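*Asks:* Sequence:
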Amino acid sequence: MNSKKKFGIFGGLLLALVLIVMTALPSPSLATTYPITLTDDLGREVTIEARPERIVSLAPSNTEILFELGLADRIVGVTDYCDYPSQALEKEKVGGPWSPSIESIVALEPDLVLAEEINPEEVITTLEGLGVTVFGIEATDLDDLLNDINTVGQITDTESEAGNLTDDMQRRIDSVTDKTAGLSPEEKPGVFYICWHDPPWTAGEGTFPHDLIEKAGGINIFADLEGWPSVSLEALIERNPEVIIVTAMGGEGSGTWNWVNTESRLADVSARQNGRVHFVESNWVERPGPRIVLGLEELAKYIHPEIFNVSSSGGGGGGGGGRKYIHGNIFGEESNFRISQSGEVERAIEVTSGDGRLTMTIPEGTIAKGEDGKRLESLEITTNENPPPPPEDAHIIDLAYSFGPSGTNFDPPITLEFTYDPDTIPEGVNEEDLVLAYYDEDAGEWVELECTVDPETHTITGCVAHFTTFAIIGTLEPSEPAVFTFSSLAILPTEVNVGEDVTITVMISNIGGELGSYEVSLNINGEVEATEEVDIAAGSSQQVSFTASKDATGTYIVDVGGLTDSFVVTEVTPAPPAPPAPPAPEEVPPAASPEVERPVNWPIVEGIIAAVIAGAIAGAIWIRRRIA
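Heads up: the sequence shown begins at 168 in our numbering, then just goes up one per residue.
Read the hints as simulated data drawn from the structure, not as lab findings.
Predicted model only: the values in this text are computed from it and were never measured.
Even glycine gets a Cβ: it sits at the ideal position worked out from N, Cα and C.
Restraint ranges, calculated between C-beta atoms of paired labels, are given here: (1) A515 / Q337: 26 to 32 angstroms; (2) G721 / E681: 40 to 46 angstroms; (3) E257 / D435: 48 to 54 angstroms; (4) E259 / L350: 44 to 50 angstroms; (5) E257 / E354: 45 to 51 angstroms; (6) E615 / T526: 18 to 24 angstroms; (7) E448 / E615: 33 to 39 angstroms; (8) S271 / S437: 45 to 51 angstroms; (9) D335 / Y248: 22 to 28 angstroms.
Using the sequences and the accompanying hints, generate a full structural model.
*Replies:* Have a look at this one:
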């Protein structure tokens with residue numbers, strides 16, 4: 168053989184071997200070189216100076232992307248609505264996407280804040296002014312989302328992880344679109360997407376649900392509208408969708424699900440007529456994150472069950488692949504909850520009474536079976552207006568609730584949370600001692616459950632493994648009986664003569680918890696001298712008095728209620744005889760008073776004589792005149 172030919176064959180084999188080896192070797196990981204400057208989806212030029220080590224996410228979709236890229240250890244803060252994966256719940260919260268707390272964000276000292284179009288512009292501007300690096304993303308369809316994931320990988324030094332993730336997502340997207348791309352318009356059913364019913368609220372062009380419906384081989388019947396518009400019931404009936412997709416909060420227990428399936432004016436709509444009303448998890452079709460492909464695959468099964476090998480039957484409740492439902496009647500509201508043939512709850516169930524007093528939570532994966540051991544087919548909760556009477560000295564607080572069918576059991580136990588009005592707790596019942604109890608029909612008695620009472624929120628929570636009647640029960644605190652004590656024993660006077668009275672007083676107090684009677688005994692020298700019965704209220708006191716006298720001298724010991732004192736009785740002492748009266752003195756006649764010679768008052772004598780003479784002269788003159 169020609170040497171050149173041999174060399175050519177050998178060279179070709181060698182080259183092929185090299186290519187095979189190179190293909191088999193893992194590709195080197197991509198590393199980002201910093202600083203890096205990119206234009207984000209908000210139209211801002213942003214420079215990332217170094218690999219981010221402290222990242223704050225301002226949207227649930229961003230959080231899902233970051234976790235999927237393996238950045239859990241570098242995430243220091245998320246929003247209040249970031250609920251997936253479960254590790255996100257453990258991160259520091261910075262408020263809602265529409266009103267994040269700038270103070271909380273800055274306190275976390277982030278070197279990157281991953282923002283979204285829903286965040287207020289002033290928040291982003293303020294953070295920038297404070298020297299915080301903010302990068303914004305915004306996706307309205309699958310292509311945008313794949314690009315955003317790769318960009319986040321680039322700025323966080325996880326390009327390899329981002330590439331692997333988007334490659335897998337693209338593969339799953341292609342597995343759907345490869346089967347729907349060649350469908351003619353006549354082969355594409357009209358789809359109505361509803362996220363609320365009062366009024367009907369749908370998704371138009373420029374939204375993820377619209378993009379997913381089209382890629383899944385359907386026609387959005389409101390594609391002529393943009394964003395998230397409300398539509399009239401008349402327009403919905405006129406456009407007559409062949410498939411209805413429900414994503415309202417509360418899932419198949421929501422009012423929207425019930426409205427779509429029970430509204431009489433929709434009875435003739437094609438989707439209702441043919442049992443093609445389906446529920447899809449809203450976060451799979453509305454949240455622009457890695458799980459969006461799950462939403463696409465779910466929609467494709469419902470829109471084209473003939474292509475994706477599932478049954479479209481569902482009896483108005485939708486579903487395929489032999490899916491079963493628990494038919495619920497929650498305080499008169501009809502609901503349906505997804506359950507497998509084996510009795511496994513396929514989506515978490517959470518229902519709350521209209522008054523907000525009771526919330527029942529059944530986690531996803533719970534095995535729910537009836538008394539016959541078969542999967543649970545129905546569920547009913549009603550207010551029990553006439554519950555069995557509680558134990559003696561106990562009260563049912565607020566309302567009792569009956570859960571049925573009786574005998575239904577859950578593994579693991581489900582959670583009940585009761586909210587009570589503290590004003591309905593009777594006096595004597597301690598709020599911290601409230602219990603959640605169920606009624607055991609076989610034993611005919613209430614049985615306490617392990618539960619937790621929160622006096623601040625006035626809630627009581629417990630786990631139950633079966634259905635029966637449940638209620639909050641409060642038991643009156645056992646009051647202490649009357650307990651009497653004595654004090655302040657007094658005796659007045661403490662020394663008396665035989666036959667004289669002494670007054671004995673004592674104070675008696677009831678330190679127990681109830682009104683009580685007590686017979687108080689007066690003991691003198693060990694003998695009961697007198698008794699008196701008293702009634703004293705709890706916490707009150709009363710003075711009791713006795714009077715006693717003794718005919719014999721001596722010291723007497725007084726005992727009242729264990730208190731002792733004494734008094735002394737002495738003999739009466741006779742009064743000493745009066746001293747003899749002295750002899751009466753002899754009577755002595757009073758001595759005659761010596762006459763005292765008094766001097767003559769001659770001026771008076773002279774005056775008298777002169778007056779007599781004058782009178783005589785006057786008389787003589789009067790007589791002579793009469794005679795004459």
